[in-house]
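Asks: Chain by chain, the residues:
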Amino acid sequence: MTDDQNPFDGGSASGNHPVKLRLAFDVAPTTKEGFNTVRVPLVAIACWRLNHAVFDFDSSFVTPETREELALLAKVVKANPDSPLAVFGHADPTGEDEANKVLSGRRARAIYAVLRRNVSAWESLFSARVMGDSWGLKSTQRILAFLTREDDALPYLDGPADGAFGPATDKAIRAYQTDNGLTVDGVAGPKTRAALYAEYMDAICSDGEEPFALKEDAFILGGAGASTKGAAQGCGELNPVHLLSADERETLDAEARNALDAPNRRVMIFFFRPGTKVTRDDWPCPNWDEPGSGCEKALWPNGNERRENRDAPREYRNDRHTMACRFYDRLARTSPCEGVVLPVARIRLFDLDESPIPNATYEVSGEGFSIEGTSRDSYVVLRNIPHATTCTVKWSRPLELRKADLLDPDGELDDYEFETEIVIKLPKGDDETADRLRLANLGHGHHESDDEALLAFRMASNVEVTGSTEDVLNELRRRHDRCELPPKPEPKERA
Amino acid sequence: MGKHHIVESGEHASGIAVKYGYQSFEPIWKAAENADLREVRKNPQVLLAGDDIYIPERKTKKFSVTTGQNHTFHVTRARLELRLRLLTSQGKPAGGLSVMSRVDKVETASDTTGAGDLTIVVSPQSTFATVEITTAEAEGERLPLELVFAIGGLDPIDEVFGAKSRLSNLGYLTSAPDDPFADEELELAVEEFQADHDLTITGALDDATNAKLLEVHGS
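Going down the list, the sequences are from chains B and S.
Residues 429 to 923 in the numbering used here are what the first sequence spells out, letter by letter.
Residues 11 to 229 in the numbering used here are what the second sequence spells out, letter by letter.
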């Protein structure tokens, strides 16, 4: 399981961020003047990314292809019912910053409008054409080619969605107007468009069976009046996940560049911790239709340097220094939807005398993966493990040390000195099962009762307990979740 | 004859003082034998596991009293507090926030001051305090945000773990609470802290960064 096998391909995705609902802080008490400053962070707990390919080039029209992605979104919403969300649009780095800001904002707005069933927001995107983004007759044709007539279940439009008005389009519009009690004139005006949009939104935005829509307070800063600040914003080209090399940027033709830039054209939704409240002042993004200058305060001081094209192509998930906006970068940093692969298990390699081995050589293999190497700090990191799994770990001290131990200097060495099988389970939360797993992971899994295991942990880790079992459990969680090793009893033979 | 105490993870001066029968850590901290430790650690409430602290023998105070009367003796112990300054996600003071704090099973409801400050009185033996942020609009379904404070868990600033804890408290190292060893996370957190405080962005915990971190964190 290496980074190369990461399923991230720039397509759509959804997933959970690795977070906790309880935040732990190390603090110092005081009898004098000291204090502890603690920030209550904004934490994204889940995400959804809309596949770049579902938008037409330079367009914010939400195409029928979005349907499957929105069904995926319905699942994430269902799994995180109390999490307020925010929509972020992104463009690729071709074109001017400001134009890209506008386009990405309009894409975010278009997705927001589908989720809110806000037909008039679509109408204004249609009528307020901006630069390349013009919905035009083509968008109406695409809707008519997607929606079906009630009597024969065939699409209204039997012909190409090419933006040219011809007999097929005329026929389709008239048929739709007839079916929906509109004035039949063959012209898709505001009233016809409103009916089309409403029906189309329900058709593409469903959980697979039933249409799904969101209330205003499902969005962060939602319910705060007419402004939709927070709900939808455009990041323009500030936050690329894939950067071309300087050479590619110079020499490739538009089509090839466009293809490589595809992962950057995306719409992201982040879901925040349930009950998250922010104030307008605490939301650094300008509204979707405000200029990009509003982003300035949220940018890295070296933001432009971060997103520049260099000698080699760069990926956000490997390089992690490709985004200009700090605020967004923080949200994306742990996001599987931005391709970030997280370490989920760390194995520390110990010697027979229970001390960690610096520069240990190792091999870890399990279902469908095998990694090997040398670890400077004696830790092996297993990334992106999707579920509980069993793997075999083999490891050795560095070769020189092993050779020095040999009685016969020319003697043969085994490949590895140590070998063990480990079961990786992922404790989650603070319930009994998770705590049992923590105990097992710390080597106290073989006891007859939980109390006994807890006692063993207490003794082995020198926890002095004056309080309740809950105190011991808290200490267990603290040590396990922070990979903290029990302190070694020090010789105390002093005067 | 005094003794030596080897500091364990989570211990602080006040807790150690009580363990050896002292009402205050001052006489311990000020003992000549602890001069080196004072120089290195600066703050007696922020010690490192493994620190060797000299515990001088307690001086017994003698009182001459008469029989047949009641005598009142007062013992003074400096009030130990956990002082917190809460910030919003964008680093502004979280003033007027309603919170429920809990320490040693005692619950106290209060509001943060305009500067976001909250003071919780703790005992030298208290190991944890929790602060639950309650919002007026909170509904049953919503999970309240719970902040758990490990009292005495803060390591000295010049230890990487101590710097990490401060970065984490200040909201810079949020991405992987389970993963304190990830160097790349730390680098990004340091960069962001440096950006916020007009320091040169190096991503490394240099002296200037540590000094600023200590100042901003407050301990």
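FYI, nobody ran anything at the bench for these hints, they're computed from the structure.
Hints may be right or wrong, so weigh each one.
Claimed, not checked - Cross-link-like lysine-lysine pairs, in silico, BS3-like; alpha carbons within 25 Å at most:
id, chain 1, residue 1, chain 2, residue 2
1, S, 29, S, 40
2, S, 222, B, 725
3, B, 725, S, 29
Asks: For each hint given before, does the structure comply? Return the numbers of the non-compliant ones in rising order.
Replies: 3
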